[in-house]
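Residue numbers (this note's numbering), protein chains in the order written: chain B, 1 to 418; chain R, 1 to 418.
The hints are simulated quantities; they were obtained by calculation from the structure and are not laboratory data. Check the hints yourself; a few may be wrong.
When chains are identical, the list treats them as one kind, so a pair holds in a single copy or across two.
As the list claims (entries may be wrong) - Below 25 Å or equal to it, Euclidean Cα-Cα: the simulated BS3-like pairs (lysine-lysine) are:
| hint | residue 1 | residue 2 |
| --- | --- | --- |
| 1 | K378 | K86 |
| 2 | K106 | K378 |
| 3 | K197 | K106 |
| 4 | K116 | K198 |
| 5 | K116 | K269 |
Bear in mind the structure is a predicted one, so any value in this text is a computation, not a measurement.
As a plain string of letters, each chain reads:
Protein chains: 2
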Amino acid sequence: MHGEIITIGNELTSGRTADLNSWYAAGRLTASGLSVIRITSVGDDEIMATEALRRACESSRFVIVTGGLGSTQDDMTCKIAAEALKRPLYLDRQMLQKVRQYVEAKGIPMSPPLEKMALMPEGARMIHPKGAACGFSLVQNDIHFYFLPGVPEEMRYIMDAFVVPELLKLYESPPVTRQRILKLYGIDESAVAEIFKKLEGKAGNVVFGFYPRYPENHITMTLRGADERSVTEALDRVEEAVRCLVGPYVFAVGDEEMEEVVGRLLCEKKRTLSVAESCTGGLIGHRLTNVAGSSAYFQGGVISYSNESKVRILGVTPKTLSTYGAVSAQTVEEMAQGVRERLHSDLGLAVTGIAGPEGGANEKPVGTVFVGLADPAKTVSRRYRFWGRRKQIKLNTSTMALDWVRRHLNGDPFLPGV
Amino acid sequence: MHGEIITIGNELTSGRTADLNSWYAAGRLTASGLSVIRITSVGDDEIMATEALRRACESSRFVIVTGGLGSTQDDMTCKIAAEALKRPLYLDRQMLQKVRQYVEAKGIPMSPPLEKMALMPEGARMIHPKGAACGFSLVQNDIHFYFLPGVPEEMRYIMDAFVVPELLKLYESPPVTRQRILKLYGIDESAVAEIFKKLEGKAGNVVFGFYPRYPENHITMTLRGADERSVTEALDRVEEAVRCLVGPYVFAVGDEEMEEVVGRLLCEKKRTLSVAESCTGGLIGHRLTNVAGSSAYFQGGVISYSNESKVRILGVTPKTLSTYGAVSAQTVEEMAQGVRERLHSDLGLAVTGIAGPEGGANEKPVGTVFVGLADPAKTVSRRYRFWGRRKQIKLNTSTMALDWVRRHLNGDPFLPGV
């Protein structure tokens, strides 16, 4: 079933913003077995947008449009939709009330530009997720149109919660297509490619996809078959074969993020965690607290960016720092123990390293990182060398540290001393 | 001068790869005063690609095409170009030799699929940067077509070294176009739009662009003129007029990020900073340490996610917590003072709030946030209400907190008690 995506906004055609909305939508649709034949971005330009929408009517069965639903003069998607699909605009009472509630809660007075947000093409059906921006859908000549907000978080939420499920219900007759994603960490891109050669010809009709997503590597397995059950069973068998080859590196199946995996395991095992971050500067805590409900297991932590903070707040001894340096196994282990004791958590996780671009030395070049983990019984640490620029080193360090917690909670023998 | 961009590849329509080529090209063209009216991505599909190219002929003066120039079966851009522009393919001897040199250097034998790479549409002019992949250009009906490789590094190089200079030579009559970006924070999107109405007709030929970049708002001012000096002076005058209207909200000119502005000011004023983060969970520290050299002014901080950590590490009194709650002015002020004293920094910055989705209450709903700042003389705080989902509330809170430091260091009277 073919469809297309239209994204509207001057920020796209001027190159101020990369079009990640169409990337996201295309990925979700493709993973669901729906096919995207074209992605068009136009500015906030009535003629260009109307033309794109009209053209979509000629070749597509579904059309996803994002952007231009706000209150400013630039936001004219409703008007464009009305014009391209030849439907008059009307004031949608329900939408008007949503807009009014929203702005009044913010203490903003209602105004004509805000009222304009409730002018919808006739026949529009509102999509209104709780507590978020609205979109709307329309059906014309058996083509399904979805108009979504341009804010990526809102667009993604509506896409996942409304659009994809509805399209699947509409278009999915047998055969069915299912995709499974395995997320890997700790294995090189080229090593993954080598391993996959071994699977060639042994996985039936399963189509593999391979996506480096720094510092992770994602593998997709897509299969089309007569029914849900047979496809799922076949994917189970292939997943098992893949896990035989790369099992220890698989940290998640599906969309789960590393921090969500760690959070889920901490909940399941009823453990609490605290962090002591030097070179990551707060990124590990940030990622952990991106997960709703993380206060159940995350006690907090210390960003010990200076030597002084390592001593004063974490209790690292000045002698350790002067003898071994701030970037050392001894320091990272004292950091992990220190934060665990001070925050009364079951586990204490610590990182220290050189994120660069300055601060490297011969025996400890930029990218040198120590990870440490303390539990009630013992403290372990290991030295790593990461590559790339400052933000990449921070990101890789944070993923490695979180992966330590995952492995520890899984009793994974890969971890030193576990 | 209007043009458009067409990107070709299944990886784009399947959502495997975000289309950063068109983003890059659009940014370079716009910054050079050329206007992009449409970006189209299609798969490796002859019909869709040919149609996109034909349509471009109807509305554009220049067309940038990327992708599909390789040797695999999927790569059919030359064929598509020949068909859409009705020019026969011929074997380009020069291109054939380039291909042969390239593959032989890599130790690969020449083969028919490789020879296919030298089949070019009649009239094509090769673009062959030294030691890199080739592209080609074509002129038809006064429309300039550029066909570039899809590999981002190669595409960017050819774009900068060949395409933009050539287009500027062709189309730039009064020779210069300059763009200036102002970044605003703390002012609503609709308020910015209102204010901009006041500037209409008062800014000569300056073209304004307005880009919400949550939680910031960016304004671009683009001007074309006879020479660098007159354009720069005109932009200076317009910037001054804009600052009269929204000055206190402008935190940066150009590409500088909020955390870079804060870092620069801390360096200039020779002050140090520490942070106590509750609802942001480490994000403020993460942003501050994304800036190279931040260890010169950032002492570190405490992620006081639990009440216990607020008491044990920051010295918030249990009585404050029980009387006013963890999300209160009293608590955030004690957090700011506590981290400042414990980390021996000049400034102590603190946030506490409810990022949701759970944890809201009637008098303190989700999105309620307190920001506090302590300096040697006094401690101030203020209550805010942010909107959106968990990650948006975290992001907005971190930007507000960083903006407090910026305003404080600038002696901005907007800040309470400064």
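For K197 and K106, with the copy left unspecified, which applies at a CA distance of at most 25 Å: within, between, both, or neither?
between (57 Å within a copy, 22 Å between copies)
Status of K86 relative to K378 across identical chains (alpha carbons, at most 25 Å):
Neither: 71 Å inside a chain and 63 Å across chains, both beyond 25 Å.
If the cut is 25 Å between Cα atoms, do K116 and K269 qualify within a copy, between copies, both or neither?
neither (52 Å within a copy, 47 Å between copies)
Copy assignment of K106 with K378, given that the CA separation must stay at most 25 Å
Cα proximity of K106 and K378: none, with 51 Å in one copy and 30 Å across.
Between K116 and K198, at a C-alpha cutoff of 25 Å, which is it: within one copy, between copies, both, or neither?
between (58 Å within a copy, 21 Å between copies)
The structure does not agree with the numbered hints 1, 2, 5 stated previously, though it agrees with the rest.
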